[in-house]
Every structure is written in structure tokens, then in C-alpha cells.
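Protein chains in written order, with our numbering: chain A, 11 to 114; chain B, 825 to 1310; chain C, 75 to 739.
Where hints are given, some of them may not hold.
[What the hints assert, rightly or not] Okay, derived cross-link-like pairs now, EDC-like style, lysine to aspartate or glutamate, Cα gap no bigger than 20 Å in a straight line:
#: 1; chain 1: B; residue 1: Lys980; chain 2: A; residue 2: Glu108
#: 2; chain 1: B; residue 1: Lys980; chain 2: A; residue 2: Glu102
#: 3; chain 1: C; residue 1: Lys438; chain 2: C; residue 2: Glu521
#: 4; chain 1: C; residue 1: Lys531; chain 2: C; residue 2: Glu236
#: 5; chain 1: B; residue 1: Lys1195; chain 2: B; residue 2: Glu1181
#: 6; chain 1: B; residue 1: Lys1231; chain 2: C; residue 2: Asp285
#: 7; chain 1: B; residue 1: Lys980; chain 2: A; residue 2: Asp107
#: 8; chain 1: B; residue 1: Lys1195; chain 2: B; residue 2: Glu1267
#: 9; chain 1: B; residue 1: Lys1195; chain 2: C; residue 2: Asp187
#: 10; chain 1: B; residue 1: Lys1231; chain 2: C; residue 2: Asp377
#: 11; chain 1: B; residue 1: Lys1195; chain 2: C; residue 2: Asp273
#: 12; chain 1: C; residue 1: Lys524; chain 2: C; residue 2: Asp435
#: 13; chain 1: C; residue 1: Lys523; chain 2: C; residue 2: Asp377
[Stated by the list, open to error] Just some of the chain C residues that point at chain A, by a computed CB distance under 8 Å:
#: 14; residue: Gln715
#: 15; residue: Ala718
#: 16; residue: Phe719
#: 17; residue: Ile722
Quick caveat, the hints were computed from the structure, so don't treat them as lab data.
This one's a predicted model, so the numbers in the text were calculated from it and none came from an experiment.
Built from N, CA and C at the ideal position, the CB exists for glycine as well.
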Amino acid sequence: MIIPTVPPSCYLVLGAILFTIGVIGALTRRNAIVVFMCIELMLNAVNVSFITLSRFLNSPHGVMFVFFVMAVAAAEAAVGLAIFVQLYRTRETINVDEINLMKW
Amino acid sequence: MGITVPQINFSIIAPELIISAFALVVLLLGVFFPRTGKNDYLGYVSLVGIVVAFLYTFPIMGKSQYAFNNMIVADGFGVFFKVIFLIIAFLTVLISIGYARRVDIDFGEYYALIMFATLGMMLMAAGTSLITIFLGLETMSIAIYVLAGLMRGDRKSIESALKYFLLGAFATGFLLYGMALIYGSTGTIILEEIAAYIKSKPELLRSPMIIMGIALLTIGFGFKVATVPFHMWTPDVYEGAPTSITAFMATGVKAAGFAGFIRVFFSALGAFQPDWIAIMWLLAVATMTVGNVVAIAQTNIKRMLAYSSIAHAGYILVAFVAGNELGTASILFYLLVYAFMNIGAFTVVILLGKRGEENVLISDYAGIGFKYPLLGASMTIFMLSMAGIPPLGGFMGKFYIFSAAVKAEYYWLAVIGVLNSAISVYYYLRVTVFMYFREPEREITGLTFSPASVVAVIISVWGVLYMGIFPSDILALAQRSITGLL
Amino acid sequence: MLDYVWLVPLFPAVGFIINGLIGKRIDRRLVGWIGCSAIGLSFFFSILLFFELIQLPPASRHHEFEIFEWVVSGDFRTVIGYQVDPLSILMALVVSGVSFFIHIYSIGYMHGDPGYPRYFTYLNLFVFMMLNLVLANNFLLMFVGWEGVGLCSYLLIGFWFERDSASNAGKKAFVVNRVGDFGFLLGIFLIFTNLGTLDFTEVFHKAPSLDVTLATTIAILLFIGAAGKSAQLPLYVWLPDAMEGPTPVSSLIHAATMVTAGVYMIARCNVLYSMAPIALTIVAVIGVATAIYAASIGLTQNDIKRVLAYSTISQLGYMFLGVGVGAYGAGMFHLMTHAFFKGLLFLGAGSVMHAMSGELDMRKMGGLRRKIPITFWTFVPATLAIAGIPGFSGFFSKDEILWQAYSSSHGHFLLWAVGVIAAGMTSFYMFRLLFMTFFGQCRAPEEVKKHIHESPKVMTVPLGVLSVLSIIGGYVGIPHIFGGGFNKIGEFLAPVVGGHGEVAKGHAVFSFEKVAHAAEGGGATATAHGLQSASMEMILMAISVIVALIGILMAYVFYIKRPNLPGIVAEKGKTLYTVLINKYFVDEIYEFCFVDSLKSLGIALWKGFDDLVIDGAVNGVGHLTVGLSGVLRKIQTGFVQSYAFFMIIGGVIVVGYYMIRAIFY
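I would like the entire structure built from these sequences, with the hints used as guidance.
Below, the structure written as C-alpha cells:
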């Protein structure tokens, strides 16, 4: 077995960077689907961290957690896409910066 | 690393199982026996399910049993919250019968999703590991995303679903990251083991990683209970969602959020209390103040109640900061009485609407007090209770919360809290003023009162009055429920 | 028998329920009958309890009756119960008695009003709440009553809610009262956290263990509550506006009973106040300041009810002066006599309005003496009483307060002097009112003139009864100098509030008395002491009577002899007159400082915060992250993202705080 030469902290930093990219994307993109994808990116960044930690700590909990997160993300995607479809039907747009019927 | 077979004890999660089973039944009934415009029977089936689940909370009352590898527990705290959730679900279904038909969302899914959301809430309160709490939270949230947008043709409803969904998922990211960091620092996801590990390693108290985790958890839970500055979604979502679901969210989701919040912060992260106390103090003050002050300027009653619900989250945070036994017990007490008064108020909002005309502006309430005296009186009771006027339940709740703060020597917090509740009188009373002291600009006619909703109003009035006049039993129960938590 | 104290508040509650539920469906006469008999029964039982009580030896005149345990959990235990002792029974008698007559009067006054059943419902609820307030044996039930009377006051001020001014006045009263309640509630919290109980007996038993600072804080907080309810500086602003309500309501709630709750509360907590001299001084100073302040406004007002309202504020100031110098009994005595004569004055004003087709402006009255003689002849004793003319009730009680203000150990010459000047003003504006209304030529328009008629019997009989009380009510508290042992009310209240009369004398701190004390010895001291202070009391009394007479004389000169004089004087002292007639512009100042700024804060947060700050911030981030491409674009940033952005800002603060703490502590 090849001993990994990349220290685990690198994976954690990778997770943090991915998470930040996700946050910035979610804040700046216009298309609701892209925003949602950015949020998914955040979740996956967390998954990377979980797997790293799980391996590093030699405990199975983290990997377990990842499976659940993936399942939840899938469910969220299903619901989210349904909402976007309905949104498109009623408003003919899915740009989040055009959705401000309710404010103040 | 051997695999141990977890001890399985279904009786611990009997209420959850029953709720799930009934939810599936309702879902299937809705699919195979749909009756256009006559789907109220699904609501009654749901009510039966909720009552049965409620009955099954009795066997697990007063015990403290773990099951499923310490992932879930049946303790006083969890059971008390389960009772709150089931009461909320019961009232929500009651007010939905009739209303759901009016706004054309009375499919099987509607009732099933309410029950699934309730299931999620119960898991959150009973969960003792980060996974169960996370799953409970997501089960609840995903169901609510759908419910908020269920009025498919209504642009506001869809918009509220979109906002809740995007921001909810966004907040989940933070919550999850926080859980990951805590898991990384302690090597476990079981709350008690986390606490034990922190106790065995005092140097962890200064570890940036775990503290970062706590900060991210604060954001995640702060979003669910709608504390400032994570509250921005609340008014929009509450305004756009179907009113029955707004009531459900304002009470159930908030209570569940607090259940998870308290469980994680007190049983796992109690050692960090000195760290989180100041930030919670700040959040409590900001939440109360922004909620109350902004509520003053509202013209839509659903929006006003949304800001009011933010303010109430602030009051509860005051007790959270106090952190003593009375404080935690008063949170349970407050959430229960809040469920009664808030659902009651939303029920009145529902009853004053009719198909195609929801009458949700406060100015629509002009003259209602004399036209529908009992409805007006009930609304007055709910408003006064929320404002904290004795002898109503809301007053006792606030009394306990602020006494807890004074007891824990957070005098300023108590002062700010009392000042805030003085501000809140202004906008609660405004509703009463409109109901009794203003001439209606246009007549509201042709209202039909669904009997189920009327029952919900009666139950809510009873609850508010009972908890105001005989609060001691319930407070004593709440105090018993939290033993072993702190 | 004393165990039946719960019957006293029960009857009004029953009346409230019956009239509230079926009042609209039954005959009007029955509604009035139910309302009055409920209060009448309650009055009757108060009298029975009173006679029961005075048969007991003074030391054991205390009885508690527990109804149920309200809140019991851990160390917190509150038993809901009533207590009968001289203080509470006196209040119960005054409340139920005066209410009874005002209820009867209301039958005539509200006759023909569409809200007749609603009126009696609220009025009965008010009496129920007020009786709870005065009979409670713990702070919590007292607070319930306290809030309850506030609610009823709000409902009744806004009774004619079609008028915007009425519903606004109601709101104002409620909100200002909440400011006071805030202090009261904090005081209760402090008592509970430090003594672990809210029961009166236990609190006052344990109170001496408190340190002085804490006792002072509690006393001041409670006084804030009292100042709100009893319309003292600076929280008095709601009371003049409260005159928007029906006149019997002004009489009952805003003159005779509710507004005196603050005085009662302080008398009830006398143990706490006696421990805190600073708090007492604050009470006395605020009291006397209010007395002269409100009296000076009263000099110029032309609205008959407003004059009476400012007069009420001023008289309440006297009561606070009394309790503030430690003479709790004197304060309570004035509370009682004031309930009689001020209740009567308002009812008389109501009768005048009734005659004048609702006119309130005194400039349009005059010469009513012959047209409504019964009202006039009942009005006169009340005016004499409030002006402090010897022989009438107000003289005894006001003089007792002034004497105590001078002589008690907490008193001071200045308190007395300001009090006397205010008394002079009082007699001036009261006689101004009397002369403008009942003497001279009738200045009313012709069509009003034709309708002037005496009120029906149902209104004049209560006037007669109260006028008798206004005359004789003072004889229960005859000053010592007219012979010892006649100060019945002082003796009666002594077990609860301390024998102030005797105590004050013992404590009197005049240098010449001390000299006398040093020079002579034994029994001679007491005599000299007594004689000295007796002659002093005589002199002071004479001064205050003379001042009152001067006030009357001036009113006579101004409004009967030379009716053009007021205009000349107003012209000469124009600035002062403008300030006074505009009530020192306090309403405007409050409006500007508190109401407007709070409202604009709400709007600012709503529009400014959500719109400007968040959008602005998001736009800013748009500049940073999207870069140049976004700069010139018309940025219509979606709200979802502005919310998310706000969450991030909050998140950064939260995370930043935690991290800084983790690294630096």
C-alpha cells in the first residue's frame, strides 16, 4: 500500500476552499439552479471534510454521515427542481434577482 | 473495527413509527381514493394518526432509555417536545380542514407532509447524535419546503418556497460543516461522548477547530429558529406560504429548532457555555429588538405575526442565555404556550378569509370585534397573551423567562426583554384597536366557519387561559423533563 | 365572616359575565339594574366586613383567605388570596361605595347611549379588577388587578371609539401606563429574587433583611409604577386626555379609584419605603412638584373636565407628598376624602354637560346657578372641600398632609411651602370654575339655553349622597389640636401603616423643640413639646386657610367683580399664559422625543435596514465579486441573495467573535 504523502490537513483546506467557493457562488449567481448547485457544492465540501476526518480519526461515523448527506442532498435536489419548475411556470423566469414580490 | 449489532427497541420510537405509518396511509389514500373537493376525510385520518401517536408517548414518559446505538433517546426532554409537536400537528391539521379545500391544496400529500414534518421534528428532539438531529432537521425542512409552495398557481406561495428552500439549504451547509468540525475534533457524533471527550481533554476548550464548529452550528440553528441576522427569510416565507403552514412553521419548526439547539448546546457543548453566552446575549437582544420594532410598521397581519415570531424567538433566547434550570424549563413552557397562542391567532386569520379573498391586511380587521364577537374576543386573548398581559399564558411564559434571567444575574437582558415586550404591546394592541375601534371600510361578508377550525380556536383559547391561570403543573412538568439534560 | 371576603369581588365579576354575555339581548333597565346591584352587594359586604373587623382588637385586625395555589414550582410559590386589614378594607369601602353611587348615576347619564350594555360590562369588570388590586395578599394578584384596571381604563377611555381622539387617548393611556408597569414589574422581580416570595406578609416580614441600596432601588421601581398609574410627573400626560371617556368614567376611574392605586400601593409597601429615606424623599418631591405643576396648568384651562383632570393630578400629588413624608395614613385619608369630593365634582360636571347639551367650554356657560340648582348646591360643598375651607372634608385631610410635610422627620419647610402655594392655586381655579359655570350671565347660544334642565333624580341623588360625604367625610380624622382621640382614621390604619400622627410628633425635629427638650426634663418636656408643636400646627393651619381664602377672593375679583381682568392679566404675562394654556408643551415634547422617534425607527429599520443597508451591502459585494462587468449594470440584486448575504455578515460576526475569543482568551 502506498503511504499517502499528502497530509490530511490539505484535504481539509480543500474542503474549506470548496465551501467558500460555494458560498460566494450562492451569493452572486443569478440563476436559481446555479445557486442551488453552489449550495450543493457547499454540501460536498463538507463531505470531503467528513471523509478526510473519518479516515484520519479511523472512525466510521464520518463516512456514514456522508451517505446520509448524499441522500438528503438528493432529496433536496428533487424538491428544489420541482420548485424551480413551478417558479418558471408562474413567473417565466428562474433568476433569483427577479423574484421579489414580497419584500419589506 | 468490528461491527456490533445495535440493540433495537421499537417501543422507544413508537410515536415516530405510527406517524410515519399514518402519513404513508394518507398519502396512498390520497392517490387511490381522491375525491375532488371532498378530501377532508384525509384530515380526519391524520388526526387519528396524531392522536394514536400521542397516546404512544405515554409509555415512554418518565423514562430515560437509549436505543439504536445511543443514536436516539426517550427522555423527559424529548417526550415533552414530542407532545408539543403532536399538539401543534393536531391543531395544524384541524385548521387545515376547510382551509386546504379553500385554497385547493387538500391532496393526500398535504396531510402526509405535515406528518412527515412532525416526524422530523420528533427525531430532532429525540436524537442524541449529530446524524439523527441532522436527519430530523432535513426531514422536517424538506417537507416544509414543499408545503410552503403547495399553492402551485399562487406566485407568492412559490416565491416563499423558493426563498425558504434556497436559504434553508444554504443554512444546512453551515450546520453540516459545524457538525463535521465537531466530529473532527472529538472523533464521535454521539452527543454524550462528545461531552465526555471534551471533559477528558481540557485543551480542546481552546481549540479553534471545535470553536469554529460551534460558531457554524450557531448559524445553522439560528436560521431555523429565526434569530437576527439569520431571520431574513421569515417574513417573506410566512407571508407567502398557506396560512395553516405558516402557523405550523412559526410554532413547530421553531420549537424543533430550539429542541435541537438546546440538545446539542447543553448536552454536548455545555463546557463551552462561557464562549457562547456573549454571542447568544447579543443575538437575543438583536432578535427581540429587530422583531418588535419592525413589526410596528407592518400592514399585513401574516407579516406582522412573522416579525412577532422573530421577537418571540428572542425572548426564548433570553432563557437560553440564562441557561439555568428555570430558564430551560421556561423555554419548554413558553414554546407550548406560544404554540397555542400563535396557532390560535393564525386560525383567526384563516377564519376571516374566504375563497379568493384572504383578508390578511390589518385594516381588514376593522369592526370584526362587533361583527363576530367571539372571534374578536379570541383574537384579543391571543394578542394580549402574546403581548404578555396577565392572567394569560403568554404572561406566565415571559414571567418565567425573565425571572430566570434575573436569577442568573443577567439584569440588563431582563430589562431589555421587558422593554421589548412593552414595545410589542403597541402592535398587538393595534389589531385589537382595529377590531373594536375602527369603522370598517368595506364589509366582510359570507364567511363560512369550518367547524374544525372553530374547535382549534377553542382549544387554543383554553390552552392560553389554562397555562395562564394554572401554570404550575406544566412548569413542574417542564422542570421534571429537563432533569439530566443540563 | 372574614372568610367571605371573596364575595366582595365576586359580585362585580358575576355582573360582568351576565352583562357581557347577554347584555345586548335583555332589557336596558335590567342591564343597569344588574350592574348596580352587583356593586351594591359588593359594597354591602364590604361594610359587613368592616364592622366585623373593627370588633377585633387592633393588633389582630388582619385576616388572609387563600383561594388557590396559583404558581407552585420549586422555590416559587404564590398563593392567590385576599387579605382583610384596615388598609384594604378602607380601600374596598371607598372603591365599592363610590362605584355604587357612580353606577347609579350612570343609569341616568348613559341613558340612550347605544353602547349601554357594553358600558356596564366594562364598568363591572373595572370594579372587579380594582377590588382584586386592593384586596390582594400578594404582588402577583395585585399586578393582575393593576393591569386589569389599566385595560378597563383603556376600554372606557376609548368607549366612544368612533371619535379618533377617544381611541387615541385610550392608546396613549395604555402605553404610558406600560412605561410605569415596566418599573413596577422590575420591582416585583427584584423583590422575588431577593426575598423569594411575593406574599405581602412574608415580604414585609423579611424586608428588614434587605440592604438599604436594594430597598431603595425596589422602592423607586415601585414608585415608577405608581407614578404611571397615578399620573405623576413625568408620566401624567395620559390623564388629561383620558377625559375623552364618558364623564362617570372620569369620575370613577380617573378621579376616585384607579388613579389612587399608586398611593395605595406605596402605603401598602410602607415597610419598604420607611427603610429607604431617599426613595421617600423622591416620592415627596415628585408629589409636591406634581401638585404645583398641575395646579398651575389648571389655572388657565377652559374645558371644565380638563380643569378637573389637572386638579386630580394635583391632588394626587398631595397624596404622594403625604406618603412621601412617611405619613401614609394622611395620604390614605386624603385619598378617601378626595374620592368623595372629586368624584362629586366630576359627576357635577357631568350634570352640567347634561344640561348644556354636551358643552365643555366654560366660556360658553355661566349663570347656571338658578337653572340647575341641585347640581349647583351639591357642587358647592365639593368645591369648598377641595379648596380646603375648614369644616369640609378636604380641609382635614389636606391640612394633615401639609402639617406632616412640615413636621415629620422626612418633611421639610419647602415641601410645606410649595404645598401651600399649590393649595392657593387650587382654591383659585376651583372657584374660577364655579364662578364661570354657575354665576354671571349665561353665555351659551340660544338653542342650548332653551334646553337647559336639571338632571333626573337618578343622577341628582348620587350627587346629594356624595356631597354629604364630602362634608362629613373629614370628621373621621380631626387633627390632634382640636382634642386627642378624634383622629379615628389614623388609629384605624395604624396597625398597617404605623401610627404616623404620634410618631411624627415624636420625631419632630425643630431646633427649638430640641432646646426645650434639653432645658426641661421629665413630664414637663412632653407638655412643652406638645404645646410648642400645637401652636405651630395652629399657625400653619391658619396660613393655609388664609392662602385658600386669598385664592377664592382673587377668583371672585377676576371672574365676578371685574370680568375683563383675566384678559388683561393674560395679555401682560403673555409668555407665561401661553406656556400654561399649552400645558408647558409637554405633549408636544413627548410626541417629538419618544413617539415620533420610535415610529421613525420602525420605518427606518423596515425600509432603511432591509432596503438600504442590505441592498447597499449586496450591491457592494456585487462590485467586489462580479467585478467590472457588474459595475455598470443596473443591479437588481435578488432578495434571496441579499438575505443570504446578510446571513453571511452575521455568520462572520459570530465566527469572528468565537475565533477571537478562542485565540486571545
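Straight-line alpha-carbon gap Lys523/C to Asp377/C, limit 20 Å: The given pair, whose Cα atoms are some 18 Å apart, holds under the 20 Å limit.
Supplied contact hint for Ala718/C, tested at 8 Å Cβ to chain A: 6 Å, holds
20 Å Cα cutoff - pair Lys1195/B, Glu1267/B: 10 Å, holds
Pairwise hint evaluation, Glu521/C against Lys438/C, where the allowed Cα distance is 20 Å at most: 12 Å, holds
Restraint status (C-alpha distance of Lys980/B to Glu102/A at most 20 Å): Satisfied, since the Cα-Cα distance of roughly 14 Å is no more than 20 Å.
Proposed proximity, Asp435/C with Lys524/C (alpha carbon, max 20 Å): 18 Å, holds
Pair hint Lys1231/B and Asp377/C, alpha-carbon separation not exceeding 20 Å: Cα-Cα ~50 Å, so violated.
Hint consistency between Lys1195/B and Asp187/C [alpha-carbon to alpha-carbon, up to 20 Å]: 19 Å, holds
Pairwise hint evaluation, Asp107/A against Lys980/B, where the allowed Cα distance is 20 Å at most: Holds. Lys980/B to Asp107/A sits at ~15 Å (cutoff 20 Å).
Pair hint outcome, Lys980/B versus Glu108/A [Cα-Cα no greater than 20 Å]: Status holds; Cα separation ~13 Å.
Distance restraint between Lys1195/B and Asp273/C, which requires alpha-carbon spacing of 20 Å or less: Outside the cut-off at roughly 43 Å; violated.
Pairwise hint evaluation, Asp285/C against Lys1231/B, where the allowed Cα distance is 20 Å at most: 18 Å, holds
Checked against the numbered hints above, the structure violates hints 4, 10 and 11; every other hint is satisfied.
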